[in-house]
Structure formats: C-alpha cells, structure tokens
Amino acid sequence: KAGVTQTPRYLIKTRGQQVTLSCSPISGHRSVSWYQQTPGQGLQFLFEYFSETQRNKGNFPGRFSGRQFSNSRSEMNVSTLELGDSALYLCASSDGTPRVDEQFFGPGTRLTVL
Amino acid sequence: AQSVTQPDIHITVSEGASLELRCNYSYGATPYLFWYVQSPGQGLQLLLKYFSGDTLVQGIKGFEAEFKRSQSSFNLRKPSVHWSDAAEYFCAVALYGGSQGNLIFGKGTKLSVKP
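Chain order of the listed sequences is A and B.
516 is the number that our numbering gives to position 64 of the first sequence; each next residue is one higher, with no gaps.
1496 is the number that our numbering gives to position 46 of the second sequence; each next residue is one higher, with no gaps.
For the record, the hints were derived by calculation from the structure and aren't laboratory data.
Do not take every clue at face value.
The calculated EDC-like cross-link candidates involving lysine to aspartate or glutamate, where the alpha carbons are at most 20 Å apart (straight line), are [unchecked claim]:
id, chain 1, residue 1, chain 2, residue 2
1, B, 1511, A, 554
2, A, 465, A, 504
3, B, 1499, A, 547
4, A, 465, A, 534
5, B, 1564, B, 1538
6, B, 1499, A, 554
7, B, 1557, B, 1538
8, B, 1518, B, 1470
9, A, 509, A, 547
10, B, 1511, B, 1538
11, B, 1499, A, 527
12, B, 1518, B, 1458
Using the sequences and the hints given, assemble the complete structure.
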C-alpha cells in the first residue's frame, strides 16, 4: 500500500496570503488528522476528519480550517498568514474506527511565511 | 488537562551503549501510549504502542517500552544503540472515546550518537 502523501512538500508565502495543503491518506483509511510542528510549541493537533466530517478540533484560531472529500483526501487551509504560521504541517491517517489505532504520518509540508 | 512530559531535551550516547528515553503522562484513565521517531526532514514513524495487556511492549528496530501505571511512565529503551538511531523521539498519548485521531505529544528528545 502506498503511504500517506502530502503536497506540496515545500511552500513559501508572504504575510496576509492564504494557503491550501493537501493530504492523501492510505487507501482504505477514513480518518485524517492534521498537526502543526514548530520548534517552540512542538507537535500540536489541529483537527481530525472522519467520513467528511470534522470529528475533533484543537485549539487553533479560525484562520485554520480543513475539509475532507468523499475519497478521504483532505485539505487544510490557512487564511491571512502570519509569520508564526511557519511550520511543518503533518497529516496522519488511520482506519478511524472507534478503537484508538495507529496513525500513519506523511512526510509533511514545510510552510515558510515571509 | 492531559499532558505528556519528556524531561530530556537532548541526549548523547555512544554507539553500542544502552538507551533509555523518559516519558511521563498525565491522564485520568488508562492511556493509549505511543513512541514515534522522526528523522530530519521526515514525518513520524511509529516505533511501538501500548493499548492494554502486557506492560512491556516490543517495537521495531530493537526498541521496547514499559508501561508503569504507578509512575505514570512509558519509558523507551534499547540495549545497544546504532548510529542510525540518531533522530528525535516523541512520546504521545491518545484519548479514547468519541474523539479519535487526537494525539498529544511530548516536546521530544533529540538523540545524538557518538561513534
């Protein structure tokens, strides 16, 4: 099975712009979670989508949003970018059944905001 | 609130020496615990997980971890470190229940290996 893929791998934006990141989960996985990784804050949970519905949300401002399509692919959008949004954004997929299970991570998208 | 603490930010060990990375968690119920490893520029790879049962769990690459409820700990160990083990290691706890896919991570421990 192919792993989790994320596109693009690297992105440079300027303050005030918006950005969309994409994540394709492992085939058959219905849950996609997004995490932000920064040197200062570490790994922080953004949100999780399961069967096209947001099932859980972390403590991030409304500028961060996401969605999931019927094929389980997910996108994450950040509007009005700030310098502090520079980070590695990781996507993870799992089967998503009620039992907690292993999440498989993609390589991440490195976002730099200038 | 649930939290995960990795007390050691950076550890350096000699190749061939044993390794123990510490992890403490704060969670009211029985946690679901994970150790992930991240090489530079890469995503996270699962080393091992604990859901229930035997408190000593074996993982990939020769790693093992022991769940100690009384100490709220889930320390990662390896008897003999290889140079390729140099990476950053993250302990994480998952919340069981209706909200899945929410891992709470520790701040990570960076492992350097001396030849």
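Structure-based check of all given hints:
no.	hint	in the structure
1	B/1511 - A/554	holds (17 Å)
2	A/465 - A/504	violated (28 Å)
3	B/1499 - A/547	holds (16 Å)
4	A/465 - A/534	holds (10 Å)
5	B/1564 - B/1538	holds (15 Å)
6	B/1499 - A/554	holds (8 Å)
7	B/1557 - B/1538	holds (10 Å)
8	B/1518 - B/1470	holds (14 Å)
9	A/509 - A/547	holds (18 Å)
10	B/1511 - B/1538	holds (15 Å)
11	B/1499 - A/527	violated (28 Å)
12	B/1518 - B/1458	holds (19 Å)
Hints 2 and 11 from the earlier list are contradicted by this structure; the remaining hints agree with it.
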